[in-house]
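S.K.: Got chain A; can you put chain B on it based on the hints?
So the protein lines, in turn, are chains A and B. Using our numbering, read the first sequence as starting at 879 and increasing by one per residue. Using our numbering, read the second sequence as starting at 879 and increasing by one per residue.
It is worth saying that the hints were derived from the structure and are not from the lab. You may find that some hints are simply not true.
Each pair may be met inside one copy or between any two copies, as identical chains are not told apart.
The calculated lysine-lysine pairs, modelled on DSBU-like cross-linking and capped at a C-alpha distance of 35 Å, are [what the hints assert, rightly or not]:
no. : residue 1 : residue 2
1   : LYS946    : LYS910
2   : LYS922    : LYS910
3   : LYS922    : LYS946
Number of protein chains: 2
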Amino acid sequence: MPRAIETFRDEFVLEPDGPVYLDGNSLGRLPKGAQRLAAELVNKQWGERLIRGWNDGWYDLPRRLGAKIGQIIGARPGEVVVCDSTSVNLFKLTTAVLRARAPRNEIVTSERNFPSDLYVLDGVGRVRHGEANSSTAVVALTQTDFRTAETIDLVESTGDSHAAGAWALWDLSHSAGAVPIDMTASRAELAVGCTYKYLNGGPGAPAYLYVRREVQALVRSPIQGWFGHGDPFAFSTEYEPAPGAARFLAGTPPVISMALMEPGLDLILEAGMTNIRARSIELTAQLIEQADALGVEVATPRDAARRGSHVSLRHEEAWRITRALIEEHNVIPDFRGPDLIRFGVAPLYNNESDIDLAMASLDHVLATRTYENYPFARLAVP
Amino acid sequence: MPRAIETFRDEFVLEPDGPVYLDGNSLGRLPKGAQRLAAELVNKQWGERLIRGWNDGWYDLPRRLGAKIGQIIGARPGEVVVCDSTSVNLFKLTTAVLRARAPRNEIVTSERNFPSDLYVLDGVGRVRHGEANSSTAVVALTQTDFRTAETIDLVESTGDSHAAGAWALWDLSHSAGAVPIDMTASRAELAVGCTYKYLNGGPGAPAYLYVRREVQALVRSPIQGWFGHGDPFAFSTEYEPAPGAARFLAGTPPVISMALMEPGLDLILEAGMTNIRARSIELTAQLIEQADALGVEVATPRDAARRGSHVSLRHEEAWRITRALIEEHNVIPDFRGPDLIRFGVAPLYNNESDIDLAMASLDHVLATRTYENYPFARLAVP
Chain A
879 MPRAIETFRD EFVLEPDGPV YLDGNSLGRL PKGAQRLAAE LVNKQWGERL IRGWNDGWYD
939 LPRRLGAKIG QIIGARPGEV VVCDSTSVNL FKLTTAVLRA RAPRNEIVTS ERNFPSDLYV
999 LDGVGRVRHG EANSSTAVVA LTQTDFRTAE TIDLVESTGD SHAAGAWALW DLSHSAGAVP
1059 IDMTASRAEL AVGCTYKYLN GGPGAPAYLY VRREVQALVR SPIQGWFGHG DPFAFSTEYE
1119 PAPGAARFLA GTPPVISMAL MEPGLDLILE AGMTNIRARS IELTAQLIEQ ADALGVEVAT
1179 PRDAARRGSH VSLRHEEAWR ITRALIEEHN VIPDFRGPDL IRFGVAPLYN NESDIDLAMA
1239 SLDHVLATRT YENYPFARLA VP
Chain B
879 MPRAIETFRD EFVLEPDGPV YLDGNSLGRL PKGAQRLAAE LVNKQWGERL IRGWNDGWYD
939 LPRRLGAKIG QIIGARPGEV VVCDSTSVNL FKLTTAVLRA RAPRNEIVTS ERNFPSDLYV
999 LDGVGRVRHG EANSSTAVVA LTQTDFRTAE TIDLVESTGD SHAAGAWALW DLSHSAGAVP
1059 IDMTASRAEL AVGCTYKYLN GGPGAPAYLY VRREVQALVR SPIQGWFGHG DPFAFSTEYE
1119 PAPGAARFLA GTPPVISMAL MEPGLDLILE AGMTNIRARS IELTAQLIEQ ADALGVEVAT
1179 PRDAARRGSH VSLRHEEAWR ITRALIEEHN VIPDFRGPDL IRFGVAPLYN NESDIDLAMA
1239 SLDHVLATRT YENYPFARLA VP
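With the rest of the complex left out, here is chain A (with noise of 0.2 Å):
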């Protein structure tokens, strides 16, 4: 019998009367196997082995972790890499798709992206936001809107990209570890994401690149280094790529960072994301629930089947109503400007209780017009 969703909670570092912590989105919590191999990594890796950790399954990493992160988002062998942030490989891959695909010149986006996309794309070329046409090299979207949840289908918007004949990328920041993805079946050439979110790696921990295959030989990395390329330990004056999306592989990852994120990742793989979607929907449509008995508006989709797995309530005082949630109830959602209370619910260690005390604060904190005790300000984080 398969184990219960509900015991992944025990996997996780929770320390008694610590917050209400609904902000997995943002930063995913500690998993202990994260903390244990804290330890390991620093004081024997870094400490004992020194230089022979290269050796030992450093250098394996961006592969080993990008194909478990692979079987998180439907990938095949060889297509997910795990490198630097998510800005610097959507930066990679959009140029080398411009690159790739000339004379179509032109990169499509949509103003509900992330802003942190939207100035990638805009430093790497002609960005126009509407529909891909003849001029189109790829279509770069953010699969679930950090704003509403509002998730956008892989399979119907690639299939739209590609009848104009743009490549599809897309971001998965919001999705991966809380949304079954199957990039295989989207047909989608490319992704990014980050994986400090659902995907729990630890805080800034390096992003992935997806390049599906049938488009690897075609895309080579603006940025040629050592570790992308296919032999570098020949010190050949050439540069040639690697094979696989390793090719998009630049410097030396930095190696505490990355190796802390294998905890995590092997957590969602245990649970699957079957069992973790199931979840997803059970919490969040329980929060949808208690938020419209509440009175308040709900700026996600309720068809759960639209939705991630976060909840966003629009209140024009929603600044300083997260405020006094953290300050004065420990619950710890976050806000997004202008109007947005964002609620993170991850699957793995999120539970009913959690949903039940957030939203008991909300209705103490509308009730008592507590939040008017702080200062009025309009502020967004990503």
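M.R.: Frame of chain A; chain B shown alone:
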């Protein structure tokens, strides 16, 4: 009275019966302070503070640690940030300088530069080995040769580049923390470097970059990441680069790997580069003297003013001798193809006994020809 340089050895984790470690120029040893900090970072900052860690200090890490490296390399405030890898930073800076200096469209370098740097440069633009001329946008060189440890005079070489109207970019990876550097006096515009060698930042710890104050407004990163935005929390649609070198920050940094470098930097600052340099000269001179006594060819300059902090010995059996030193004597130098045995002298923790033991082991390996027990191979690792 200042603390004796020899006492800094106690600040590093040195396990009993551990190796004679002469590879600190590839991966520096673990500072005890980093060992302590690792537990705090993982258990408290990630495990308990969670997302609040960004407000507690994570967000400021690239600038704060950059300021410390800035002190080590003679930079002024706002000229150094920690981010990404050396390869990615080299890419960002050289791409930026080519755009800033058009119609100059050429990068000049040397075949003695790191192969990994040469790969990046080849991916960025038109590269030539030789002297700068009126087409040269930037001369990109490594200060301390990774093979021989020969150093280039920063002031003189930068002056040569400037005489041709070119900017100067220095890779300081094999210099910082071992050789006194005064970026301000050098008048060079740009620099990059890694932190895992003499700075003891940890395996694959993030790199740094330097942008001279006078040229900061002239250059923009091709990777428009949100950490390099002037007001990342405003989420304006326009990308406005941050002031200072921080405009070259890209995505979310790998917090654990980045934060762990601080204890190593603090040790360098406490010891002082003058004392570190004196110790380096003392120990490398001892090694050269003992190598001479063994009749082994010394590939490193005998003039201390012209060398960094490693000593390379040339031998046609370098690869097998290195294997024998590691496997039979627990002495760890490294091999650089085709024929160099490289002994890195880390001034903060290596001592006279390390040099004595290493050279006695080399004497034994050469006298008994035990290296012949190993298969012949030609390999290189940067």
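S.K.: Are the hints correct? Go through all of them and say.
M.R.: Tested hints:
no.	hint	verdict
1	LYS946 <-> LYS910	both (19 Å within a copy, 33 Å between copies)
2	LYS922 <-> LYS910	both (18 Å within a copy, 13 Å between copies)
3	LYS922 <-> LYS946	both (24 Å within a copy, 27 Å between copies)
This entry satisfies every hint, going by the numbered hints stated previously.
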